[in-house]
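> Each chain is listed here by its residues.
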Amino acid sequence: MMPVLQVGPFALPLPVLTVLIGLWLGLTLTERFAARNDLKADLVINTAMLGLISGVIASRFGYVLRHLSAFIASPMDVFSRNLGLFDPIIGIAVGVISSAIYAQRKDLRWLPTLDALTPALAVFAIALHLSHLASGEAYGTPSNLAWSIELWGIRRHPSQIYEAAAALAILIYLWPGRKNVTSLLPGEYFIRFMTLSAASLLFLEGFRGDSALLPGGLRIPQITAWLVLATSLVALGRRRQKINIR
Amino acid sequence: MTDASRWNFFTVVVLSLGVVWIWMSKVPHSELKDAAKTAPQTGFLAPDFSLATPKGEQIKLSDQRGKAVIVNIWASWCLPCREEMPALQRIYEESASQGLLILAVNATNQDDPEEAIKFSEDLGLSFPILLDIDGSVSSRYRLQSLPTTFFIDPGGKIDEVVLGGPMAEALLRVRVERLLKDAKP
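Residue numbers (this note's numbering), protein chains in the order written: chain W, 1 to 246; chain V, 1 to 185.
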């Protein structure tokens, strides 16, 4: 665990840096392989960047609106660098909607666009889990296995490493440079990524020590992942039928 | 068996295994009740400490149960620490009567205690300044960055950790409002 990277007099937040590097690497990969989906790379990158920027701005303003009284007393805090002053749900919603509107205006077909953005999502997933390792969040359940790590006072499953390794395996399996990727139906590449990611979350969440729980101890992320997995498997099944009919 | 049937069978098997795994990996009732572990991380009980103010008064964290507590670890040479202190003071003046306590733990093992005391007097800080002379609290709270702030709910559980600063006053207001819901004035 290393939440802060000390470089001379500067204390850099390593989890945030990891996520930013992940975004940059992911978008670079997307840019490189966008042409495989018959899309212009700059339009795909613009779609992603617009979503990111509008998402960040909306998540701050969403937070401000939800806590207006706190900001009336200190209005300049709207521009604060504090990461705790964001509303991620509003940010994601606005980011996705902005990207969708932009893509539609630029006549980008949405299934190939999702396929083109999938490598960025796959790299981002790895970066996110590594950022959890740096911050000590998303920690595992207590364990005495040989590979357990000491975290927050006891030995635990290295759940962040499990999740990062699974995300890396998914990226390798779905590497956009592979020849078989080009023969997929539009959208299938993205659905495969969702299927594998949901399966990975469903399994590995069982080793997490900080899951959000339902009464009775059921883990909410596992149930969400099961629903995504079910939807993705059905969607993949329909695509296989289409291929067979052809 | 057709390709579609094979796929449907595969889907049913995978989803059934998923249901079994969800059930097998649910958190046992005994662990739900025994959630009171201590660590300097969100969701855990805050590690206890007892430190003295410059006037010699001892303050113990575990004696503050029922209050919303902000533990702010700082040093007088640290610019972001200095910048966020006035906001902490304003929040304390507004909310102390509702059950808020701010414990400003000076990392004295890496600071000049006289400078720290002079700084707190110059700013007219009215919340307790605690001197961590041997660095034991910094060590127990795994201090990685100055300032570091722990928001602790009335039950003694860490609600949030903020690494670095300065914290915006709005952030302090929102977090304090949340913590004070269960606090006793």
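Among the clues, some could well be false.
For the chain W half of the interface with chain V, some residues (derived, Cβ under 7 Å), not all of them [claimed, not checked]:
(1) 77
(2) 200
(3) 202
No lab work stands behind these hints, which were simulated from the structure alone.
Glycine is no exception: its CB is placed at the ideal position from the N, C-alpha and C atoms.
> Does each hint hold? Answer for all of them.
Here is how each hint holds up against the structure:
1. The beta carbon of residue 77(W) is positioned within 7 Å of a beta carbon in chain V (closest approach about 4 Å), and the interface hint is therefore held.
2. Residue-level restraint check for residue 200(W) is violated (minimum Cβ-Cβ distance to chain V is 12 Å; threshold 7 Å).
3. A distance limit of 7 Å between C-beta atoms decides the matter here; for residue 202(W) the minimum to chain V is near 5 Å, and the interface restraint holds.
In this structure, the one hint that does not hold is number 2.
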